[in-house]
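Enquirer: Same order as they appear, the protein sequences are chains H and Z.
Following this note's numbering from start to finish, the first sequence increments by one per residue and tops out at 385.
Following this note's numbering from start to finish, the second sequence increments by one per residue and tops out at 188.
Simulated from the structure, these hints should not be mistaken for lab results.
One or more hints might be untrue.
[What the hints assert, rightly or not] Below 25 Å or equal to it, Euclidean Cα-Cα: the simulated SDA-like pairs (lysine to any residue) are:
{"no.": "1", "chain 1": "Z", "residue 1": "Lys57", "chain 2": "H", "residue 2": "Met22"}
{"no.": "2", "chain 1": "Z", "residue 1": "Lys6", "chain 2": "H", "residue 2": "Gln73"}
{"no.": "3", "chain 1": "H", "residue 1": "Lys61", "chain 2": "H", "residue 2": "Gln73"}
{"no.": "4", "chain 1": "H", "residue 1": "Lys383", "chain 2": "Z", "residue 2": "Asn85"}
{"no.": "5", "chain 1": "H", "residue 1": "Lys106", "chain 2": "Z", "residue 2": "Asp113"}
{"no.": "6", "chain 1": "Z", "residue 1": "Lys6", "chain 2": "H", "residue 2": "Arg378"}
{"no.": "7", "chain 1": "H", "residue 1": "Lys25", "chain 2": "Z", "residue 2": "Asp62"}
{"no.": "8", "chain 1": "Z", "residue 1": "Lys57", "chain 2": "H", "residue 2": "Gln73"}
{"no.": "9", "chain 1": "H", "residue 1": "Lys17", "chain 2": "H", "residue 2": "Ala162"}
{"no.": "10", "chain 1": "Z", "residue 1": "Lys6", "chain 2": "H", "residue 2": "Lys61"}
{"no.": "11", "chain 1": "Z", "residue 1": "Lys6", "chain 2": "H", "residue 2": "Gly21"}
{"no.": "12", "chain 1": "H", "residue 1": "Lys383", "chain 2": "Z", "residue 2": "Val106"}
{"no.": "13", "chain 1": "H", "residue 1": "Lys178", "chain 2": "Z", "residue 2": "Gly59"}
{"no.": "14", "chain 1": "H", "residue 1": "Lys17", "chain 2": "Z", "residue 2": "Gln63"}
{"no.": "15", "chain 1": "H", "residue 1": "Lys106", "chain 2": "Z", "residue 2": "Ala163"}
[Claimed, not checked] Computed, partial: chain H to chain Z, Cβ under 8 Å:
{"no.": "16", "residue": "Arg110"}
{"no.": "17", "residue": "Met284"}
{"no.": "18", "residue": "Arg289"}
{"no.": "19", "residue": "Gly292"}
[As the list claims (entries may be wrong)] Output of the computed footprint for chain H on chain Z, the stretches with three or more beta carbons under 8 Å from beta carbons of chain H:
{"no.": "20", "region": "99-108"}
{"no.": "21", "region": "161-167"}
Positions of the beta carbon are idealized from the N, C-alpha and C atoms, including for glycine.
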Amino acid sequence: MIAALAGLPARDAAALKIFLGMAFKGCHVVQAPATPGLALPRADVCIVDLAAMGLAQWSPKAEADLLLCLGGQHALLLGAPGNASWQDKVHATGRHGAQRLAYLAKPYGRDAMREALDSLGLGQARSPAPTPAPAALAAPSPRDTAAPPPPTMPSVFASLQAVRTLFPDLQRHALLGKLLDLLATGQSHELRLTLHQALIVHPRQGWVAHNTSPEVLARLAQQGHTAIAMNARALDSEDDIQRRLVHMTARDNLDTFFWRLANDSLGQGLPAPTRDAELRLVCMPGFTRIAGVDDLALQLAAICLRLPQTLSSLRAAFPEADPGAIDRFVLLATLCGAGRLRLLDTPPRARHKARAERRPAPRAPKPHSPTPHRGFFRAMLQKLF
Amino acid sequence: MSTPYKIVFAGPVGAGKTTAIQTLSDIEVLNTDARASDEVRRLKPTTTVAMDYGVMKLGNGDQVRLYGAPGQARFDFMWDILTENALGLVLLLSARADDPVAELDVYLTAFRDLIDRTALVVGITHTDAGNRGARQLVIEALGARGLPPCVMDVDARHRPDVALLVKALLYSIDPFAGRDEDAEAIAP
Numbered sequence: 001m002i003a004a005l006a007g008l009p010a011r012d013a014a015a016l017k018i019f020l021g022m023a024f025k026g027c028h029v030v031q032a033p034a035t036p037g038l039a040l041p042r043a044d045v046c047i048v049d050l051a052a053m054g055l056a057q058w059s060p061k062a063e064a065d066l067l068l069c070l071g072g073q074h075a076l077l078l079g080a081p082g083n084a085s086w087q088d089k090v091h092a093t094g095r096h097g098a099q100r101l102a103y104l105a106k107p108y109g110r111d112a113m114r115e116a117l118d119s120l121g122l123g124q125a126r127s128p129a130p131t132p133a134p135a136a137l138a139a140p141s142p143r144d145t146a147a148p149p150p151p152t153m154p155s156v157f158a159s160l161q162a163v164r165t166l167f168p169d170l171q172r173h174a175l176l177g178k179l180l181d182l183l184a185t186g187q188s189h190e191l192r193l194t195l196h197q198a199l200i201v202h203p204r205q206g207w208v209a210h211n212t213s214p215e216v217l218a219r220l221a222q223q224g225h226t227a228i229a230m231n232a233r234a235l236d237s238e239d240d241i242q243r244r245l246v247h248m249t250a251r252d253n254l255d256t257f258f259w260r261l262a263n264d265s266l267g268q269g270l271p272a273p274t275r276d277a278e279l280r281l282v283c284m285p286g287f288t289r290i291a292g293v294d295d296l297a298l299q300l301a302a303i304c305l306r307l308p309q310t311l312s313s314l315r316a317a318f319p320e321a322d323p324g325a326i327d328r329f330v331l332l333a334t335l336c337g338a339g340r341l342r343l344l345d346t347p348p349r350a351r352h353k354a355r356a357e358r359r360p361a362p363r364a365p366k367p368h369s370p371t372p373h374r375g376f377f378r379a380m381l382q383k384l385f
Numbered sequence: 001m002s003t004p005y006k007i008v009f010a011g012p013v014g015a016g017k018t019t020a021i022q023t024l025s026d027i028e029v030l031n032t033d034a035r036a037s038d039e040v041r042r043l044k045p046t047t048t049v050a051m052d053y054g055v056m057k058l059g060n061g062d063q064v065r066l067y068g069a070p071g072q073a074r075f076d077f078m079w080d081i082l083t084e085n086a087l088g089l090v091l092l093l094s095a096r097a098d099d100p101v102a103e104l105d106v107y108l109t110a111f112r113d114l115i116d117r118t119a120l121v122v123g124i125t126h127t128d129a130g131n132r133g134a135r136q137l138v139i140e141a142l143g144a145r146g147l148p149p150c151v152m153d154v155d156a157r158h159r160p161d162v163a164l165l166v167k168a169l170l171y172s173i174d175p176f177a178g179r180d181e182d183a184e185a186i187a188p
């Protein structure tokens, strides 16, 4: 099939070229200049931008000029938005002898374009519409999930008590504990770490400013006892905050800062959870600003962003993963404010057994959703990392 | 047999779509930048009028085509075409924007069909320019609209950032992506 495009702007021509190539197998597209009175090249269909041809308004003369250009060929006429002068005429006549004409007003979409081309009798030449094969992997619709309520970061306040109940050993990480206490007040604070080094936390605006290096912070996080001597001061006004900010050299988002700090505080070890708990993520943690994020954390986040998950169900869903890594994710996601934690009555082991079958399954495929074949995801993930 | 897949990058003018595709593509990105119209010239001297096109060539022979949709709403015809059979949508919004949520809404409306069918991740670019609250605003807006708030700050020039965003998109499509395939690959 040959399609001639006349007068279309470059962007629209590029778009139509792609579209025609996809919709009509082997379609060849030629472009013609928008010159009134110039005969268009021979084609199975001409697609004409009326305004570019100087024919925006219908008139007997404009119609005669157009028909001269078309030379008896089928045509789809593209009109300006809200201009019905051609639309009425084309719909009234539909065809001039053997010549078929169709009209489409801008802006038009894929389906309207297909329908218009079909009305010119080009439907037989069309490539079959892609029909997704049944697949093991389904593309989920976010709207299928239970809609999470509007998040308010950081949500760590709501979960602080739950975290401390679940992981009582956290108490010995003094710097982390002190900062969490400050966060829980909801007020801005300055925490003086040493004579010259300090932190400012601004819970409402979701940031932390400091004048220390990550290495010093990590060391302080691990030497928790030093935090006992740290001095915290509430910053009551924005002026006060701005004055203190002058001395700060770096500013981080609260969530990524707390993820890193908690991770450093825990080091290699992790206290065992005392019971099962359910995590609901209210947002994806800022993983692009956290070094060393692995696939498991991304996977767990993707799951918990869809639906709340218990520690047990996550362990059941990822039996090959280190349970400690899952516990760590739940803890860090909560402490960074991206998740809300709810304590459950049953111990993790019992729930693990009871919910072993509760793997959050991919949902059923939707019509027209792409369905990657086996091996695609693995190859793609390898490519990305 | 190799299979072509498609991921669409969308977002306003200057959000970093072209750059993000360049950081991932294995071919030189084809684009149809042109002199911008008056309305966008103050933001960017050239802008994408049709699309950007890049390709990731995977180890198994598959290809992932990366399409950058033009950033101006009046080219929405292109959006419609580019999203056909796409795996998902990577939306880039600039933290410099006066109202990132208004821009988010434009794209949520325009790509609603694709988002309903597949998955959405949002990258906030230009966070170094201030407005640290942009990500939080977008998170809240997505949550309020019933969409999973998968939003991360990204530097479109930094491959690990863009790769992680795309990876989050894949795991949003299937959280177990690649795992069963791994098991199959090592099975006797």
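Enquirer: Taking the hints in turn, state whether each one holds.
Expert: Cross-check of the supplied hints:
1. Distance restraint check for Z:Lys57 and H:Met22: the Cα-Cα separation of roughly 21 Å lies within the 25 Å cut-off, and the hinted pair is therefore satisfied.
2. At roughly 35 Å between alpha-carbon atoms, Z:Lys6 and H:Gln73 are farther apart than 25 Å, so this suggested pair is violated.
3. Note on H:Lys61 and H:Gln73: the hinted pairing holds, with a Cα-Cα distance of about 18 Å set against a maximum of 25 Å.
4. This hinted pair checks out: H:Lys383 and Z:Asn85 have alpha carbons roughly 21 Å apart, not beyond 25 Å.
5. A threshold of 25 Å between alpha carbons decides the hint, and for H:Lys106 with Z:Asp113 the separation of about 20 Å falls inside it, so the pair holds.
6. A threshold of 25 Å between alpha carbons decides the hint, and for Z:Lys6 with H:Arg378 the separation of about 16 Å falls inside it, so the pair holds.
7. A C-alpha spacing of about 21 Å is found between H:Lys25 and Z:Asp62, which places the hinted pair at or below 25 Å, so the restraint holds.
8. Between the alpha carbons of Z:Lys57 and H:Gln73 the distance comes to roughly 42 Å, so the proposed pair goes past 25 Å and is violated.
9. The hinted pair formed by H:Lys17 and H:Ala162 fails the criterion: a straight-line CA distance of about 58 Å is larger than 25 Å.
10. For a cut-off of 25 Å, the pair hint linking Z:Lys6 to H:Lys61 is broken: about 46 Å separates their Cα positions.
11. Restraint check: the Cα-Cα separation between Z:Lys6 and H:Gly21 comes to about 16 Å, which is no more than 25 Å; the hinted pair holds.
12. A C-alpha spacing of about 32 Å is found between H:Lys383 and Z:Val106, which places the hinted pair above 25 Å, so the restraint is violated.
13. Using a Cα cut-off of 25 Å, the hinted pair H:Lys178 and Z:Gly59 is violated, with the two alpha carbons roughly 48 Å apart.
14. Distance check on the hinted pair: H:Lys17 and Z:Gln63 sit about 21 Å apart at the alpha-carbon level, within 25 Å; holds.
15. In summary, the hint linking H:Lys106 to Z:Ala163 is not supported, as the alpha carbons are separated by about 36 Å, beyond the 25 Å threshold.
16. With a least beta-carbon distance of about 5 Å to chain Z, the hint placing H:Arg110 at the interface is held under the 8 Å criterion.
17. A least Cβ separation of about 4 Å between H:Met284 and chain Z falls short of the 8 Å threshold, and the interface hint therefore holds.
18. Using the Cβ-Cβ criterion of 8 Å, the hint placing H:Arg289 at the interface with chain Z is satisfied: the shortest such distance is roughly 6 Å.
19. Using the Cβ-Cβ criterion of 8 Å, the hint placing H:Gly292 at the interface with chain Z is not satisfied: the shortest such distance is roughly 11 Å.
20. Counting residues of the region 99-108 of chain Z whose CB lies closer than 8 Å to any CB of chain H gives 0, which falls below the minimum of 3, so the coverage claim is violated.
21. Coverage of the region 161-167 of chain Z by chain H holds in this model, with 6 residues showing a Cβ closer than 8 Å to a Cβ of that chain against a need of three.
Hint check: violations occur at hints 2, 8, 9, 10, 12, 13, 15, 19 and 20; the rest are consistent with the structure.
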